[in-house]
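2 protein chains.
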Amino acid sequence: MLSRTSFSVSRTRARLSLSSSALPLPAPSLCLRVRPLSLATPRQRSSAMSTFKQEPHKLLVIPGPIEVTDEVLYANAHPSMSHVSADFIPVFGDCIRMLRELLFTQDAQPFIIAGSGTLGWDQVAANLVEPGENALVLNSGYFGDSFSDCLRTYGAKVDEIVAPFGDAVALSDLEAALKQKKYKVVTFTHVDTSTGVLSDAKGIAAAVKKVSPDTLVVADCVCSVASEEIRFDEWGLDIVLTASQKGLGTPPGLSVLVASQKAVKVFETRATPVTSYYGSWKKWLPIMKAYESGSAAYFATPPVNLIYAFNASLRQITKQSPSVEERFRLHRETSARIKKAAEELGLKQLPVKPSVAANGMTACYFPEGLTAADLIPSLVKKDVVVAAGLHKDYKLKYFRIGHMGISAIDSSRGDVDKVIAALKESLAEAKAGKNA
Amino acid sequence: MLSRTSFSVSRTRARLSLSSSALPLPAPSLCLRVRPLSLATPRQRSSAMSTFKQEPHKLLVIPGPIEVTDEVLYANAHPSMSHVSADFIPVFGDCIRMLRELLFTQDAQPFIIAGSGTLGWDQVAANLVEPGENALVLNSGYFGDSFSDCLRTYGAKVDEIVAPFGDAVALSDLEAALKQKKYKVVTFTHVDTSTGVLSDAKGIAAAVKKVSPDTLVVADCVCSVASEEIRFDEWGLDIVLTASQKGLGTPPGLSVLVASQKAVKVFETRATPVTSYYGSWKKWLPIMKAYESGSAAYFATPPVNLIYAFNASLRQITKQSPSVEERFRLHRETSARIKKAAEELGLKQLPVKPSVAANGMTACYFPEGLTAADLIPSLVKKDVVVAAGLHKDYKLKYFRIGHMGISAIDSSRGDVDKVIAALKESLAEAKAGKNA
Chain A
1 MLSRTSFSVS RTRARLSLSS SALPLPAPSL CLRVRPLSLA TPRQRSSAMS
51 TFKQEPHKLL VIPGPIEVTD EVLYANAHPS MSHVSADFIP VFGDCIRMLR
101 ELLFTQDAQP FIIAGSGTLG WDQVAANLVE PGENALVLNS GYFGDSFSDC
151 LRTYGAKVDE IVAPFGDAVA LSDLEAALKQ KKYKVVTFTH VDTSTGVLSD
201 AKGIAAAVKK VSPDTLVVAD CVCSVASEEI RFDEWGLDIV LTASQKGLGT
251 PPGLSVLVAS QKAVKVFETR ATPVTSYYGS WKKWLPIMKA YESGSAAYFA
301 TPPVNLIYAF NASLRQITKQ SPSVEERFRL HRETSARIKK AAEELGLKQL
351 PVKPSVAANG MTACYFPEGL TAADLIPSLV KKDVVVAAGL HKDYKLKYFR
401 IGHMGISAID SSRGDVDKVI AALKESLAEA KAGKNA
Chain B
1 MLSRTSFSVS RTRARLSLSS SALPLPAPSL CLRVRPLSLA TPRQRSSAMS
51 TFKQEPHKLL VIPGPIEVTD EVLYANAHPS MSHVSADFIP VFGDCIRMLR
101 ELLFTQDAQP FIIAGSGTLG WDQVAANLVE PGENALVLNS GYFGDSFSDC
151 LRTYGAKVDE IVAPFGDAVA LSDLEAALKQ KKYKVVTFTH VDTSTGVLSD
201 AKGIAAAVKK VSPDTLVVAD CVCSVASEEI RFDEWGLDIV LTASQKGLGT
251 PPGLSVLVAS QKAVKVFETR ATPVTSYYGS WKKWLPIMKA YESGSAAYFA
301 TPPVNLIYAF NASLRQITKQ SPSVEERFRL HRETSARIKK AAEELGLKQL
351 PVKPSVAANG MTACYFPEGL TAADLIPSLV KKDVVVAAGL HKDYKLKYFR
401 IGHMGISAID SSRGDVDKVI AALKESLAEA KAGKNA
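Quick mapping for you: the protein sequence lines, in order, are chains A and B.
Sequence positions in the first sequence follow this note's numbering and run 1 to 436.
Sequence positions in the second sequence follow this note's numbering and run 1 to 436.
Derived by calculation from the structure, the hints in this document are not laboratory data.
Just to be clear, a hint being listed does not mean it is correct.
All copies of an identical chain are treated as equivalent in the list; a pair is satisfied when it fits inside any one copy or across any two copies.
[What the hints assert, rightly or not] Derived PhoX-like pairs (lysine-lysine); straight-line CA-CA distance at most 25 angstroms:
#: 1; residue 1: K392; residue 2: K289
#: 2; residue 1: K395; residue 2: K289
#: 3; residue 1: K210; residue 2: K319
#: 4; residue 1: K265; residue 2: K289
#: 5; residue 1: K424; residue 2: K382
#: 6; residue 1: K431; residue 2: K319
#: 7; residue 1: K53; residue 2: K202
#: 8; residue 1: K348; residue 2: K181
#: 9; residue 1: K434; residue 2: K157
#: 10; residue 1: K262; residue 2: K392
Work the whole structure out from these sequences, hints included.
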């Protein structure tokens with residue numbers, strides 16, 4: 001029966017329940033053949049794929065976005081597809097499964113949402129920390145500042161342990177802080193993209209488990225997933241949040257987060273309503289579960305093409321050679337090679353010691369007397385695009401080289417050779433110019 | 001000087017200011033030649049573009065995502081680019097400028113953010129409505145329910161005027177409500193994708209201006225931008241929010257919002273802090289201004305490839321033939337043709353009268369005795385993908401056809417012919433099957 005127009009006083013109107021906001025859609029199960037979800041079944045490819053080559057371009061070696069494969073870009077150019085179609089559902093479902101595999105977790109819950117890595121902070125702040133609860137941020141650079149800002153926006157009481165510039169927070173300082181106060185979450189930046197500082201994810205998780213086992217361990221792994229070793233279950237992480245455009249080898253536009261079942265439980269038993277709408281797990285959890293189980297549900301239209309691209313990249317990372325473990329080793333080797341070359345060129349790194357230096361990027365001070373203007377445009381002329389500094393206090397003093405994904409693991413591309421050669425030439429030219 | 005490790009009690013640590021959170025990056029201005037921003041300068045194209053054809057696929061005629069052009073998909077497969085490079089900055093800047101042109105506004109402020117259309121609601125709820133303020137939602141379907149839910153999440157006191165199923169809210173009811181209470185915002189769904197109901201955007205804006213001129217007029221135009229006529233300045237709209245995958249002819253993954261200067265002022269003079277981080281205009285406004293002015297600033301990595309794709313589609317819409325005005329006419333004509341065909345096939349539409357029926361989609365009840373399972377899979381076999389119902393009370397009773405973008409305006413594709421022919425055949429087969 002059609003309802004009549006009513007000017008209802010709807011403050012009393014009930015909130016949409018979790019089940020009604022995640023409407024199961026009838027279309028796919030009714031109308032389209034169910035494709036097998038097995039990862040062993042390769043996606044159908046036309047001959048067009050084998051001929052697609054991305055356009056010639058400057059080598060992009062910033063700490064994300066990174067160079068991506070032709071196959072990933074071709075997947076990003078997939079014809080438009082219904083987000084609830086039987087063809088698309090397993091593409092999404094397989095992303096969820098492969099993400100678990102990549103992070104070495106059996107049962108953690110992935111969330112894949114249109115957004116940037118930043119949205120992962122909102123997810124943590126709005127779903128896991130209730131207003132007034134304590135959060136401890138281990139701050140090793142720009143992204144620690146920002147995570148604190150985000151947590152405060154949603155009402156958390158934030159303490160920070162700020163590492164010296166170029167260093168990670170000492171585990172002894174973390175333990176001391178945990179003994180003084182009860183924290184709902186401890187957050188850290190696995191690799192701070194602003195400085196290239198690597199934090200000891202395993203050690204941090206162990207310290208939290210030892211001193212304050214109820215506290216959730218939140219790892220901002222935007223610049224580390226698929227380039228640094230991460231063992232979700234073994235290390236006892238509760239959140240790994242990241243984005244598509246770094247080690248994951250996909251164009252930017254996906255917020256990717258994985259939550260332990262402990263974290264999901266904390267969310268499910270929170271006392272107050274979730275304080276975000278777009279970032280609410282109340283909305284997204286049923287969607288992720290639906291896609292993984294082979295059906296579709298609707299909250300917001302997923303970024304279909306990016307999911308195809310993400311699927312293509314995750315398939316290359318988890319199903320093809322080299323293996324995930326081998327990838328970690330290759331990232332370490334590439335990093336060592338670039339850092340050695342930088343050292344030989346007289347470039348001092350931001351990280352104060354090798355143990356706190358990332359393996360997917362390198363941050364170096366400009367040599368005495370040179371600035372960004374002396375070096376970066378010269379590298380661009382040699383078709384090598386590096387990144388300027390980002391940390392607020394030091395951004396004019398250093399530059400950053402990204403070496404994640406295919407640039408790091410596929411030596412046949414010659415990306416590393418090209419970077420080192422260009423750096424050598426540009427430095428020589430810059431110094432010659434200053435001396436002229 | 002390097003700071004020492006400090007376990008600082010940082011509740012007192014100052015929030016990042018607007019200017020420091022949107023760090024101006026030195027790289028582009030320092031190192032790369034500045035490209036002219038003029039839209040008259042076509043982007044360089046390699047010969048690869050002219051040979052790129054998307055893979056054969058079923059015709060997608062759901063109310064978004066829609067069929068997109070080869071050029072847009074090719075742009076989505078752009079090689080990875082730095083989000084702060086001099087090459088990319090004008091691509092983003094031109095999107096902002098073309099969006100203004102498309103909506104017939106001189107000075108409104110666009111926001112283009114990685115996300116879905118849903119994120120537009122968060123932007124409105126978190127930036128424009130302070131906790132405890134009144135919002136009036138004109139509810140013409142599923143998306144009215146959701147917008148209310150979002151507004152309440154951020155603390156608004158929401159009243160709704162719920163239209164009868166298949167109808168829009170009467171302007172007289174709106175005026176009566178505005179006379180009873182002061183509202184910070186009035187929201188409406190221009191085209192409710194769940195029902196295909198079109199609201200009178202111009203009339204609603206005029207009624208608000210007449211009765212309550214301070215109230216902001218918020219139009220959810222997810223399913224109407226570039227398919228329905230919208231005149232932002234002339235009608236006096238304050239917010240138009242949409243997404244990339246409907247009339248805008250781009251893959252999904254962009255939240256696209258345009259705010260009047262009046263709305264920006266309301267945001268800038270709010271008394272309480274913005275209640276979202278990822279959706280905060282405090283973060284995004286300086287970013288949008290930077291990209292438009294030809295420099296780069298960083299808050300979160302923009303979805304670079306999608307911005308290239310969006311640029312390609314906006315260029316086709318605003319710079320090529322047919323004109324924007326002509327596109328409105330072609331959408332109306334296509335819509336009339338499909339609705340007439342549906343009527344001739346005995347299909348009753350959800351909208352209760354032609355004046356409340358959208359021009360970019362058509363929602364029809366299944367004929368008596370037939371269900372989704374009788375019709376939708378049969379259409380898929382004919383390579384035509386339509387959408388099932390979505391409105392919670394009626395979703396099993398109807399289906400939806402999208403006719404936006406190239407399917408509506410490029411008759412040489414034959415999409416409309418194909419849809420009508422398939423519909424005719426599938427209905428005949430279904431009825432024959434029932435009678436067999």
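One pair to classify: K431 and K319, alpha carbons no more than 25 angstroms apart. Within, between, both, or neither? Intra 46 angstroms, inter 47 angstroms, cutoff 25 angstroms: neither.
Should K265 paired with K289 be assigned to within, between, both, or neither, using CA atoms and 25 angstroms as the limit? Cα proximity of K265 and K289: one copy only (15 angstroms, versus 41 angstroms across).
Since the copies are identical, ignore which copy is meant and state whether K424 and K382 lie within 25 angstroms (CA to CA) inside a copy, between copies, both or neither. within (11 angstroms within a copy, 60 angstroms between copies)
Given a CA cutoff of 25 angstroms, do K392 and K289 count as a within-copy pair, a between-copy pair, both, or neither? Between copies, since 20 angstroms is at most 25 angstroms while 40 angstroms is not.
K210 and K319: within-copy, between-copy, both or neither at 25 angstroms Cα: Neither, since 36 angstroms and 63 angstroms both go past 25 angstroms.
With identical chains treated as interchangeable, where does the CA-CA distance between K434 and K157 reach 25 angstroms or less: within a copy, between copies, both, or neither? neither (50 angstroms within a copy, 65 angstroms between copies)
For the identical chains here, do K53 and K202 meet the 25 angstroms Cα criterion within one copy, between copies, both, or neither? neither (40 angstroms within a copy, 47 angstroms between copies)
I want to check one pair: K348 and K181. Are their C-alpha atoms no more than 25 angstroms apart within a copy, between two copies, both, or neither? This pair counts as neither: shortest intra-copy Cα distance 38 angstroms, inter-copy 65 angstroms.
At most 25 angstroms between CA atoms: does that hold for K262 and K392 within a copy, between copies, both, or neither? neither (36 angstroms within a copy, 33 angstroms between copies)
If the cut is 25 angstroms between Cα atoms, do K395 and K289 qualify within a copy, between copies, both or neither? between (42 angstroms within a copy, 21 angstroms between copies)
Going down the numbered hints, you'll see the structure goes against 3, 6, 7, 8, 9 and 10, while the others check out.
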